[in-house]
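*Asks:* Read off the chains here:
There are 2 protein chains.
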Amino acid sequence: MDSFSKNQLERYPIYLKYFKELEMAGVVETSSPKIAERLGYSQEQVRKDLQAISSEPGKPKKGRNVLQVIGDIESFLGYRNALKAVLVGTGHLGGALLNYPTFHEMGLEIVAGFDNDEKKVGGTIGGKTVHPLSELPNKLQELGAKIVVICVPASSAQAVCDLAVKSGAQAIWNFAPSSLVAPKNVVIENVNLASSLAVLSHRLNANILKEEAKRGLGYPHTERE
Amino acid sequence: MDSFSKNQLERYPIYLKYFKELEMAGVVETSSPKIAERLGYSQEQVRKDLQAISSEPGKPKKGRNVLQVIGDIESFLGYRNALKAVLVGTGHLGGALLNYPTFHEMGLEIVAGFDNDEKKVGGTIGGKTVHPLSELPNKLQELGAKIVVICVPASSAQAVCDLAVKSGAQAIWNFAPSSLVAPKNVVIENVNLASSLAVLSHRLNANILKEEAKRGLGYPHTERE
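Those protein sequence lines, which keep their order, are chains A and B. Take any residue in the first sequence, count from 1 to its spot, add 226: that is its number in my numbering. Take any residue in the second sequence, count from 1 to its spot, add 226: that is its number in my numbering.
This list has only true hints and no planted wrong ones.
Simulated pairs of lysine-lysine, DSS-like, Cα-Cα distance not exceeding 27 Å:
1) 288(B) x 260(B)
2) 436(A) x 372(B)
3) 392(B) x 440(A)
4) 232(A) x 274(A)
5) 410(B) x 372(B)
6) 410(A) x 232(B)
7) 243(A) x 392(B)
8) 392(B) x 354(B)
9) 260(A) x 232(B)
10) 243(B) x 392(A)
11) 372(A) x 440(B)
12) 243(B) x 410(A)
13) 410(A) x 436(B)
14) 365(B) x 436(A)
15) 274(A) x 232(B)
16) 274(A) x 288(A)
17) 440(A) x 372(B)
18) 345(B) x 346(A)
19) 246(A) x 410(B)
20) 410(B) x 392(B)
21) 274(A) x 410(B)
22) 346(B) x 354(A)
23) 372(A) x 232(A)
24) 354(A) x 372(A)
25) 288(B) x 246(B)
26) 440(B) x 310(A)
27) 372(A) x 346(A)
28) 436(B) x 372(A)
29) 410(A) x 246(B)
30) 410(B) x 436(A)
31) 436(A) x 232(B)
32) 440(B) x 392(A)
To be clear, the hints were calculated from the coordinates, so they are not data collected in a lab.
Can you build the whole structure from these sequences, using the hints too?
*Replies:* What follows is the structure, given as structure tokens:
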């Protein structure tokens, strides 16, 4: 079960999205080379990824049946049995996530919000009731939620994480720009915008340097000699 | 320059955050083992990561000077010269990003929003003016922005990406749950919530299975025999 790397797991929703587009376009079958080209992966990677979750694992495939792959990925990702979550911190980002339209398609159901802001408590955002944070321990059990989505500022993220763990949360989906400490049996998955930006700006700057170097090479020697 | 892997790049903002916490707490020096323990990385990885961007690369370090590491990481990530971006799609998520309070600390400045919704055009969100999408080509040049943040639904993300590329964007920060195609010299970085969720639910389910197996081992043989 744990032989799947983080990078590999991250690819399955991307395959799924692509296969659903193929299905919409009426495509019945496709091949690893075509998938690899469209998504920018290697052919070997595509074959390995799809074989690892195939319901017919032994059989080497020439063509990939679109509907079957969709079914295999959805089963693997557990999209047929949505996991329940609650969200703490109903500011701009938290509010956006409570309103996010397609979580149910990704196997997640956010069933309630929590906040310390008295103006928000008792109201609803995206159709979900906002409760006071003090009720997290009771509500988590009552609602049968295993996941706590953390959308508070970095300065209070660890305190919310501690409360969530004490309340019985088994996984934390952390949107605060802060690394959290929790017992080993609690899963922590970070959506770290700063990390994503670091990758983007590093690659952007590398491209700009490459462009400048190319432009430099356009005038070889003559100007310097 | 390109010898940095995506995973390694993603760690630098996490180091930076931690070192800033140390600075706030008045800590002057720390060591790789301590950093490794707090952040859950291996000691070797920490040493390699920090050495790779150190302003004194040759010198093997016993203690790490907190202020110096902060300076090294900020220089490496280019946080002193913020990159300018514009954002397309000012719905819930786009609006949350326009209001996101700490992008300037991450080297990003979102200078304007774009939308097709007439009710939003001409107004401001998070202090940034919202322009009609048709003005993207002109405004991108005028504002000196290199990055386009895409927050539209998956179904229109590729069209917005094409327009951004035609308008001269050099990087796309994509929040739409869709994989985009662009010329090779345009950087695409995806914040894919479905991918993050796939990692979370896979690990959560693995833990649940582990717990069940453990509980099963608590009653060996007796009940079955």
